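**Q** Residue numbers (my numbering), protein chains in the order written: chain A, 1 to 576; chain B, 1 to 576.
Note that these hints are calculated values from the structure, not bench results. Please note: incorrect hints may appear among the correct ones.
Note: identical chains are not told apart, hence a pair may lie in one copy or across any two.
Straight-line alpha carbon distances no greater than 30 angstroms define the calculated DSSO-like cross-link-like pairs of lysine-lysine that follow [stated by the list, open to error]:
| hint | residue 1 | residue 2 |
| --- | --- | --- |
| 1 | Lys544 | Lys530 |
| 2 | Lys530 | Lys3 |
| 3 | Lys290 | Lys227 |
| 4 | Lys114 | Lys152 |
| 5 | Lys152 | Lys136 |
| 6 | Lys544 | Lys111 |
| 7 | Lys290 | Lys380 |
Please read all numbers here as calculations on a predicted model, not as lab measurements.
Number of protein chains: 2
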Amino acid sequence: MDKIVRVNMSDLTTSIEVVPPEWAGLGGRALTSTIVAGEVVPTCHPLGENNKLVFAPGLLSGTAAANTGRFSAGAKSPLTGTIKESNAGGLAAQMFARLGIKALIIEGLPKEDKWYSLHVNQDGVSIAEETELIGKGNFAVVETLEQRLGKKVGILTIGPAGEMRMLSANISVKDSDSRLRSHGRGGLGAVMGSKRIKFISIDDHDAPGVKLVDPDKFKAAARTLAKAILDHPGTGQGLPTFGTAEMVNIINAAGSLPTRNFTYGQFEGHEDLSGETMREIIIARGGKPKHGCQPGCIIQCSQVYTDEDGTYVTSGFEYETIETMGANACVGNLDLVARADYIMDDIGVDSIETSVTFGVAMEAGVLPFGDGREVLRILKDEIGTGTPLGRILGSGAGNVGKIYGVTRVPVVKNQAIPAYDPRAIKGIGITYATSPMGADHTAGYTIGHNLMGCGGRIIDPLKKDEQVWLSRHLQTGQISIDSVGLCHFVGFPMEDNPEFVPALIDLLNARFGFDLTPAWIGDIGVAILKTERAFNIGAGFTNKHDRLPEFFREPMLPHNAVWDFTDEEIDEFWNF
Amino acid sequence: MDKIVRVNMSDLTTSIEVVPPEWAGLGGRALTSTIVAGEVVPTCHPLGENNKLVFAPGLLSGTAAANTGRFSAGAKSPLTGTIKESNAGGLAAQMFARLGIKALIIEGLPKEDKWYSLHVNQDGVSIAEETELIGKGNFAVVETLEQRLGKKVGILTIGPAGEMRMLSANISVKDSDSRLRSHGRGGLGAVMGSKRIKFISIDDHDAPGVKLVDPDKFKAAARTLAKAILDHPGTGQGLPTFGTAEMVNIINAAGSLPTRNFTYGQFEGHEDLSGETMREIIIARGGKPKHGCQPGCIIQCSQVYTDEDGTYVTSGFEYETIETMGANACVGNLDLVARADYIMDDIGVDSIETSVTFGVAMEAGVLPFGDGREVLRILKDEIGTGTPLGRILGSGAGNVGKIYGVTRVPVVKNQAIPAYDPRAIKGIGITYATSPMGADHTAGYTIGHNLMGCGGRIIDPLKKDEQVWLSRHLQTGQISIDSVGLCHFVGFPMEDNPEFVPALIDLLNARFGFDLTPAWIGDIGVAILKTERAFNIGAGFTNKHDRLPEFFREPMLPHNAVWDFTDEEIDEFWNF
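If we strip away everything but chain A, and leave its shape as in the complex, we get (with noise of 0.2 angstroms):
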């Protein structure tokens, strides 16, 4: 039987609850924003005892299917203000599927200045008092917790900057080779922080597993699926040679690729920065090009960086971080942001809020643009440590714009915008516009569509025509991947593939007797996307919220593209 399982911080108690009927077909981000939408009041602060962390794995995840493993957490967050989805691959979404966990929530905040641990098991989840690991990284936790607990241990831990409740911590994810994953955006780690909770171990021995309704079926609809993603180019081929960084030399021809804090779409240093640049770094230093984020996973994009030694640098290095730091910040070199990228991993800070809030910085005169060896000082040295200096970073883009009087600061709903400009990819600028995430690209990815023909024709980037329909097309789609636990890329076959929709509702049919049709997948997203803006207009955000900054008014080369949306335009998104 699924459970609930809740965690009182406020009085150290825990308890375990029968999933209600009206969670029953719920997962993932459905389900968080569902619990966070009905248990949150909108206007209480982040930080304070009224706000809940929720962590749910996919409807799907535990299952033999392909690529659902993704894991959801979901708060208000303390960076945007709003209702916040962010999920992660790793071990958690499958360990607590197979412990037959459908939602850990956790509420309150502790009475006594201590830091505690949750342990999650087949007996539910008990609170004890942490001291060690206090202080420590998300390397040396996970290090330490597979001491004490053995090897095959989930976690999910906080760094420095989530004790320190800097607005921009992140939670990370143990991964099957023992290194992180995060649950990256909205600064859900100082959510975690501020419930004194260091880390959440996960021990699944004995747990009963998943069961299915009809293994014959599921059987069937999974092979369906996984040759879905398999056949297409982009999660079959792409992906997999190049990882997500096969996208810098895509988007720098497309002249979207942020540069100079998001004053140029094309960085001169992309070739250094591109996907295929990487793999032959890789292979020659003997590192891994190919590697899963989640046990099960079929495409492979992620892959394991090394340097010069073959020594460990990084992995689940992304190209919205390579962007951010390498082109926007200007730090045209990939072992640094390599470097760069492991550094915030450990201390736990969104590595794309944190490269973004550099090109501010760069812009305020803090550091000059480029400069990656101070990149990795301010990071280890100040934002790790806490410093003056390290609060303001550790804070995200759009609080370093304030406190620096920036103009150029490219956030919407106080969330920093990723690595593609929205002027010359304008679908996306649709997407960070009216997401009720603030700024996120995954929200409503419609590159595939603007550039490679995803949907059987190119959506012209540069047009205005389509890009809401777009967006609101990919958001709620988006909202039905991210319940099931698949991963981010399926959306490519998804779109393309027209077996694949009916196999994903045969595998929810099949794994819990549901008598679902292909509408579930615009259903669902309709209705989550409702109760997350519900959320927010509670919390006090209105359509003047869902806009892009002003600063891309001005003309961005080589098209001399600007962000031309009415408001008008824009809240077209909303009337459905």
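With chain A's structure known, arrange chain B on it following the hints.
**A** What follows is chain B alone, placed relative to chain A:
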């Protein structure tokens, strides 16, 4: 003929315009808010080229009517994101009025990395490049400009904080003793800094002066108004004797004296900070216990505070600064608070915002509560020079809360709550919540009615009854006061002396040949309040922003008072 003077910093041009008929009956706040609401896009970046900085004297400024020399500054606030009007004493209002300048509107941003000054005289306004005074404190600006332009020059200036576009930066106004009064709230100094204007000098030599349509009627009405001010115990006795610091003991007795970052309502050391103590000290040391902030002031609530050697320390030393630094940050020593006040004036930061910010920083552990020496050091060496810590503290209480993850952050619309805890004086809490300016005691000062029988009876400060009505009544009335150029404190005789309003209307009619009736007071108040609110709605504000911070639900000693208004009760404010 009155005129509008306009400066475009983008192309460094100036122009003189005829007063549009719809602005003819407006002055002070009514005019700055009308211009900002009419000409500034509400969603613009407050430090970007689309914001405008507007200065306007009151309707009666420049006349012989008592206490009519307040000067209004308006813009979109970089601190709050709302429309903002902040008014100050000093010489500027009288000089502008005598020059026939109804408003100075500064728009655009310079293209070059240079600093400028403006010079206002009979011919209008001119722009000059400035180098010598860049980086200098406000007192040095005044001293140098008096050498350059003569003792009689009028001055508006920003300190280093404004140059650095800090969100708590104010705009200072020279008074008749060559000392400073401030447009304190809302970071308007950062707007002036964004436009790269270090100072505005004013020369009213050979100014045409103010013409009265009916001098005899004016004279008679002015006499009635002055008598009403002098006859009232508040403006005629309390304020001239003890200054605004008379409130220390009164608010402490009411249990509403914010102490230790709004944790308690009474401060043990309140006697040491009181107006009574201040008067004794000033007299013993040979300072001035009475002083006017503007020529023509008959209340004289200001003072000149000296050190033990009789050397000038500060003036314009107000209750709200004394309270928030003295009791709320626990620096229970009037000499230290006076020194802090001087430095804040010199570097150019709002002394309320900054003092409340120190309370939050102390809660965050940046420095110990009560460490006045460290306050002085941080003000001078960190905020004044823009170190990272200085940048943080210069960005105001709300941002310090975000950067250090503090939940007890006394702000509304990101502006610091001044020296009256709203749990124990509930009327002022309605003003904080609903004023379009963010938390601002002057916007609708209920203290007289809640504690001192102003209006003929006490409206119980601990009960919710009538507070919404009271705040609305006072907020609309205050707009009329702020538009005429009258001092805030005439609100007392205005409420208590039936001769006051007819005399005020007579003054306006006799000055301009208007045909106003006493209904004007309410009409202008309602109209401007709605104009300001509409701007804020356009900027994305909703009733969800008309809320006090969550922590005011915690009971506060000595009354165990809580902030217990429901959302619906607060929202009733706008039901008119």
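**Q** All hints are to be evaluated individually against the structure, with a verdict given for each.
**A** Evaluation of the provided hints:
Taking identical chains as interchangeable, the C-alpha atoms of lysine 544 and lysine 530 lie at most 30 angstroms apart whether they share a chain (17 angstroms) or sit on different chains (19 angstroms). In this homomeric assembly, lysine 530 and lysine 3 come within 30 angstroms of each other (Cα to Cα) only inside a single copy, at 26 angstroms, whereas the closest approach across copies is 52 angstroms. For a Cα distance limit of 30 angstroms, the shortest separation of lysine 290 from lysine 227 inside one copy, 19 angstroms, qualifies, whereas the shortest one across copies, 87 angstroms, does not. With identical chains, the CA atoms of lysine 114 and lysine 152 are at most 30 angstroms apart within one copy only, with a shortest distance of 27 angstroms there and 62 angstroms across copies.
For the identical chains of this complex, lysine 152 and lysine 136 are intra-copy neighbours only, at 21 angstroms inside a copy versus 62 angstroms across copies, given an alpha-carbon limit of 30 angstroms. Taking the shortest alpha-carbon separations for lysine 544 and lysine 111, only the inter-copy value of 28 angstroms comes in at or below 30 angstroms, while the best intra-copy value is 38 angstroms. Taking the closest pair of Cα atoms, lysine 290 and lysine 380 come within 30 angstroms of each other only inside a single copy of the chain (28 angstroms); across copies the shortest separation is 55 angstroms, beyond that limit.
Of the hints listed earlier, there is not a single one the structure fails to meet.
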